[in-house]
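Colleague: Taken in sequence, the protein lines are chains U and L.
When the letters of the first sequence are read in order and numbered with my numbering, they come out as residues 12 to 338.
When the letters of the second sequence are read in order and numbered with my numbering, they come out as residues 12 to 338.
Think of the hints as simulated: they come from the structure by calculation, not from any bench.
One thing to keep in mind: the hints can contain errors.
Cβ-to-Cβ under 7 Å is the rule here; a few derived chain L residues that face chain U [what the hints assert, rightly or not]:
no.	residue
1	V125
2	I132
3	V133
4	I136
5	Q140
6	C292
Ideal placement from N, C-alpha and C gives every residue a C-beta, glycine not left out.
There are 2 protein chains.
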Amino acid sequence: MGFSQDNLKGFVLALSSSAFIGASFIIKKKGLRRAAAASGVRAGVGGFSYLLEPLWWLGMITMIVGEVANFVAYAFAPAVLVTPLGALSIIVSAVLAHFILNEKLHQLGILGCVMCIAGSIVIVIHAPQERPITSVQEIWSMAIQPAFLLYVGSVVVLVFIMIVHFAPQCGHSNVLVFTGICSFMGSLSVMSVKAVGTALKLTFEGNNQLLYPETWFFVLIVATCVITQMNYLNKALDTFNTAVVSPIYYVMFTSLTILASVIMFKDWDGQNVGSIISEICGFIVVLSGTILLHTTRDFERSSSFRGAMFRPFLFDFHQIILINFVL
Amino acid sequence: MGFSQDNLKGFVLALSSSAFIGASFIIKKKGLRRAAAASGVRAGVGGFSYLLEPLWWLGMITMIVGEVANFVAYAFAPAVLVTPLGALSIIVSAVLAHFILNEKLHQLGILGCVMCIAGSIVIVIHAPQERPITSVQEIWSMAIQPAFLLYVGSVVVLVFIMIVHFAPQCGHSNVLVFTGICSFMGSLSVMSVKAVGTALKLTFEGNNQLLYPETWFFVLIVATCVITQMNYLNKALDTFNTAVVSPIYYVMFTSLTILASVIMFKDWDGQNVGSIISEICGFIVVLSGTILLHTTRDFERSSSFRGAMFRPFLFDFHQIILINFVL
Chain U
12 MGFSQDNLKG FVLALSSSAF IGASFIIKKK GLRRAAAASG VRAGVGGFSY LLEPLWWLGM
72 ITMIVGEVAN FVAYAFAPAV LVTPLGALSI IVSAVLAHFI LNEKLHQLGI LGCVMCIAGS
132 IVIVIHAPQE RPITSVQEIW SMAIQPAFLL YVGSVVVLVF IMIVHFAPQC GHSNVLVFTG
192 ICSFMGSLSV MSVKAVGTAL KLTFEGNNQL LYPETWFFVL IVATCVITQM NYLNKALDTF
252 NTAVVSPIYY VMFTSLTILA SVIMFKDWDG QNVGSIISEI CGFIVVLSGT ILLHTTRDFE
312 RSSSFRGAMF RPFLFDFHQI ILINFVL
Chain L
12 MGFSQDNLKG FVLALSSSAF IGASFIIKKK GLRRAAAASG VRAGVGGFSY LLEPLWWLGM
72 ITMIVGEVAN FVAYAFAPAV LVTPLGALSI IVSAVLAHFI LNEKLHQLGI LGCVMCIAGS
132 IVIVIHAPQE RPITSVQEIW SMAIQPAFLL YVGSVVVLVF IMIVHFAPQC GHSNVLVFTG
192 ICSFMGSLSV MSVKAVGTAL KLTFEGNNQL LYPETWFFVL IVATCVITQM NYLNKALDTF
252 NTAVVSPIYY VMFTSLTILA SVIMFKDWDG QNVGSIISEI CGFIVVLSGT ILLHTTRDFE
312 RSSSFRGAMF RPFLFDFHQI ILINFVL
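Given these sequences and hints, build the entire structure.
Modeller: Here's what the structure looks like:
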């Protein structure tokens, strides 16, 4: 297996991040319910009484802890490993909802959980090792290699065309336009989040990277990408059903992030073909499990609290959550 | 990957076996439909007009070709590789049914197909290599090693207890009794089928194995196990719904076969932990995909022809099909 120390740290961080985020949904929802019971008005209908409920705030804090862990995980392990593991938070929340909130998990939902776990194990076993990075300039030199510049160029052109041409024309009829913009920008923001995370990690290790303009450039990219992403994600959610947007976004975003990481960090160089294929299969299995879990949630749930439960699925796209909270 | 020549042959044979068997269901069903249209009586209601329908016989021949290919596959590749690939015949039949019979495949069914394929790829990549076997005595010596004798002994005792004690008492209320007997016997019959197949392969290569009593002993075991299996499988099907029996039987039978093969042929010796875990995960994924595909078939199908379609799923347990046909 040759699982490096850094990969292990990243793996544990990604895992605990998923546990925290998954648990946070449940805590927040318990808070919402309690607030609704106390005031008689539900959040969905305009009440804000949940802001007085300590449980809701505890959930919020749990979520932030989870997001920070996810951010730090990117500094240690390749995105090919960290990004797909985000799906595990859905399992945690589904299982906890079953036991704590008495939201019955459909039998096929259990199958979805099993698949997510099996797929994650395959991914973890075949995760590539990252070569150690010693300065932000090293990341910079990866970012300006021709192949990655070509990727960035294509993304920028595509997103530009989608915003200028397709969004006004068919953005409100075709779900792929807004979610496409979010996913493409998302792949760039994860890459820059990884750069910023690595710079911070090196800084904490005593190797100050905040002196270099490259660090701040990456911070600027993070901010730009995330704001664009948030903007169009909200548009997508306003226009289409969350149940439609979420799986499409998850699949596109995760796939593009892995593609970007493979190009920029050359994750797959030096790996044998079998490992790469296994990783892709593992990824497909996790995606299928996620879709299955997501679809079967519809089967048994009553329509009340629907918004409150679907929203969390969306929050799984870790890198945007903190900003979403701040904005 | 280190995929040996023999593994490749076994893999191609198992794959074409699944294609033939999967296609045979569709051809037979088309034959049944045509016969029903011609005579006005359906097979399920007692008509035998399908015996005059050439299409039905073509389907039967296709199935026998598939079963022979499956039998030969066991002579070349380890059971750990061949057995789980049997699930692919379900995909072939589901996809063909979608296009040829216009039986709409549920969206989750497509997901099940994708999973079966992804899981199979992981299994194939990590399949162990078999050491070349040069005589039936070699297989005999593997069969009489203490660990495998312990397995056989436990199986015989367990099956005996189930037949004598549990079958009369709760065989008609608990689905696990009859299917358990079938699955345990099934694991032994696959091992002896593999022995007979290997002996035949060596004989065709000019190294006559039919002179040795061991070969005929294994033939005897195949016959005994398969007849027991058939007997209790029919009891299970008479007592319980096929939709309940099939997935349980598939999971138990495949798991026990892999266990028996790992003990007898030491498939996992010399494999690293990562490969073994990947294989198990791949197997779990294939099982989940099979269950998903099987469950969602229920969602959209009308109740007519139900028996006709469920029966085929059962036929997937390759090693018993020929006998089922003969008896």
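Colleague: Hint by hint, note whether the structure agrees.
Modeller: Checked hints:
1. V125: Hint holds; V125(L) Cβ to chain U Cβ min 6 Å, cut 7 Å.
2. I132: holds, 5 Å
3. V133: holds, 5 Å
4. I136: holds, 5 Å
5. Q140: violated, 13 Å
6. C292: Interface hint status for C292(L): holds (4 Å vs cutoff 7 Å).
Violated hints amount to a single one, hint 5; each of the other numbered hints is respected by the structure.
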